[in-house]
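> Chain A is fixed; fit chain B onto it per the hints.
2 protein chains.
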Amino acid sequence: MHAQFLQLAVDLAAENVKSGKGGPYGAVIVRNGQIIASSGNCVTSSLDPTAHAEVAAIRLACEKLHDFQLTDCILYTSCEPCPMCLGAIYWARLERVFFACNRHDAAAAGFDDSFIYDEILLSPPNRKIPMQHLGLENAQLPFQLWAQQEAKTLY
Amino acid sequence: MHAQFLQLAVDLAAENVKSGKGGPYGAVIVRNGQIIASSGNCVTSSLDPTAHAEVAAIRLACEKLHDFQLTDCILYTSCEPCPMCLGAIYWARLERVFFACNRHDAAAAGFDDSFIYDEILLSPPNRKIPMQHLGLENAQLPFQLWAQQEAKTLY
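Chains A and B supply the protein sequences, listed in that same order.
If you use this note's numbering, the first sequence corresponds to residues 1 to 155, in order.
If you use this note's numbering, the second sequence corresponds to residues 1 to 155, in order.
Next comes chain A alone, as it looks inside the complex (with noise of 0.2 Å):
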């Protein structure tokens, strides 16, 4: 059954090369057997540099179950899930996470997925691109009113 659902997100990612949408990626997002959102990877068709295939599904099966979580839902991936997408995947709180490719094939085809695993480790002002931490006054005040606020939804 795994199988099949994950030969479903490779198809897309064959599929997505074929018609020019976009990279090939593929990923399928299943809830008690039923498929509920499916999605190619579509960052040049869409201009969006965060349209992974994953993204992208875990989008969509949001709007179909008005929910931003997931909990109950397991993702097929035809690739090990890049940081972005792994972090989209704790934060929609997936059950659990099939994969066909892993980060290496996606290097020796040219993604970033590699790379970026190695620059997380990195300190912040050390990565290719440097992030730098800059001290204000008042840095904690939206943590502060966050904990503050009695309604409000936590995610």
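Just so you know, these hints were derived from the structure itself, not from any lab.
For each residue, glycine too, the CB sits at the ideal point set by N, CA and C.
Watch out, some of these pointers could steer you wrong.
[Stated by the list, open to error] Listed next, with one range per pair, are the computed distances between beta-carbon atoms:
| id | chain 1 | residue 1 | chain 2 | residue 2 | range |
| --- | --- | --- | --- | --- | --- |
| 1 | B | Thr71 | A | His66 | 34 to 40 Å |
| 2 | B | Ala108 | A | Lys64 | 32 to 38 Å |
| 3 | B | Pro125 | A | Glu150 | 36 to 42 Å |
[Stated by the list, open to error] Taking lysine-lysine pairs in the DSBU-like style, the calculated list, with each CA pair at most 30 Å apart, reads:
| id | chain 1 | residue 1 | chain 2 | residue 2 |
| --- | --- | --- | --- | --- |
| 4 | A | Lys18 | A | Lys64 |
| 5 | A | Lys128 | B | Lys18 |
| 6 | A | Lys128 | A | Lys64 |
| 7 | B | Lys21 | A | Lys152 |
| 8 | B | Lys128 | A | Lys64 |
| 9 | A | Lys152 | B | Lys128 |
| 10 | B | Lys64 | A | Lys128 |
| 11 | B | Lys152 | B | Lys64 |
| 12 | A | Lys64 | B | Lys21 |
| 13 | A | Lys21 | B | Lys152 |
| 14 | A | Lys64 | B | Lys64 |
Quick look at chain B alone, frame taken from chain A:
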């Protein structure tokens, strides 16, 4: 100059909590000293778990610039990017990033940023959300088609 734009991101984060739009985060994207896009976190109001302030601002900036890369742009964010946003920053190829709070401040406020950074270091099957490799005979086909495709947009 950097501190001023970063202050705007923090102000946006505070305003985001007060208005009930979402979590205590804000981001501003600047090119040549001009603000291109800005956003608060809108996960709960847009029912999109990927709508962190940074991701939302990146998507808006790309829309505005009609591009899927932001190579000459600087991102100012009220808090150190989580792994999802960090990945998005690399895929959008921003020039650099400034942040006010860090992942431990976010953790103290009840957010999973630091937890997800820790999870990345584990092997996929050992994560809290298990990620399992399943071998498929034609798993590499999408990458092979991509290599053969001549008229493709790289990203």
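> Taking the hints in turn, state whether each one holds.
For each hint, the structure was consulted:
For Thr71 of chain B paired with His66 of chain A, a C-beta distance near 37 Å keeps the hint of 34 to 40 Å intact. Here the CB-CB span from Ala108 of chain B to Lys64 of chain A is close to 34 Å, well matched to the stated 32 to 38 Å. At about 40 Å, the CB distance of Pro125 of chain B to Glu150 of chain A agrees with the hint of 36 to 42 Å. Annotation: proposed proximity of Lys18 of chain A to Lys64 of chain A holds, straight-line Cα distance about 27 Å (limit 30 Å).
For the suggested pair Lys128 of chain A and Lys18 of chain B, the alpha carbons sit about 35 Å apart, so the restraint of at most 30 Å is broken. Restraint check: the Cα-Cα separation between Lys128 of chain A and Lys64 of chain A comes to about 38 Å, which exceeds 30 Å; the hinted pair is violated. For the given pair, Lys21 of chain B sits about 9 Å from Lys152 of chain A by alpha-carbon distance, which is consistent with the 30 Å threshold. Among the hinted pairs, Lys128 of chain B with Lys64 of chain A is consistent with the structure: their alpha-carbon atoms are about 25 Å apart, no more than 30 Å.
Among the hinted pairs, Lys152 of chain A with Lys128 of chain B is consistent with the structure: their alpha-carbon atoms are about 26 Å apart, no more than 30 Å. For a cut-off of 30 Å, the pair hint linking Lys64 of chain B to Lys128 of chain A stands: about 25 Å separates their Cα positions. Restraint check for Lys152 of chain B and Lys64 of chain B: satisfied, since their Cα atoms lie roughly 23 Å apart, inside the 30 Å limit. Among the hinted pairs, Lys64 of chain A with Lys21 of chain B is consistent with the structure: their alpha-carbon atoms are about 21 Å apart, no more than 30 Å.
As the CA atoms of Lys21 of chain A and Lys152 of chain B are separated by approximately 9 Å, the hinted pair is consistent with the 30 Å bound. In summary, the hint linking Lys64 of chain A to Lys64 of chain B is supported, as the alpha carbons are separated by about 27 Å, within the 30 Å threshold.
Violation of the numbered hints given earlier is confined to hints 5, 6; the remaining hints are satisfied by the structure.
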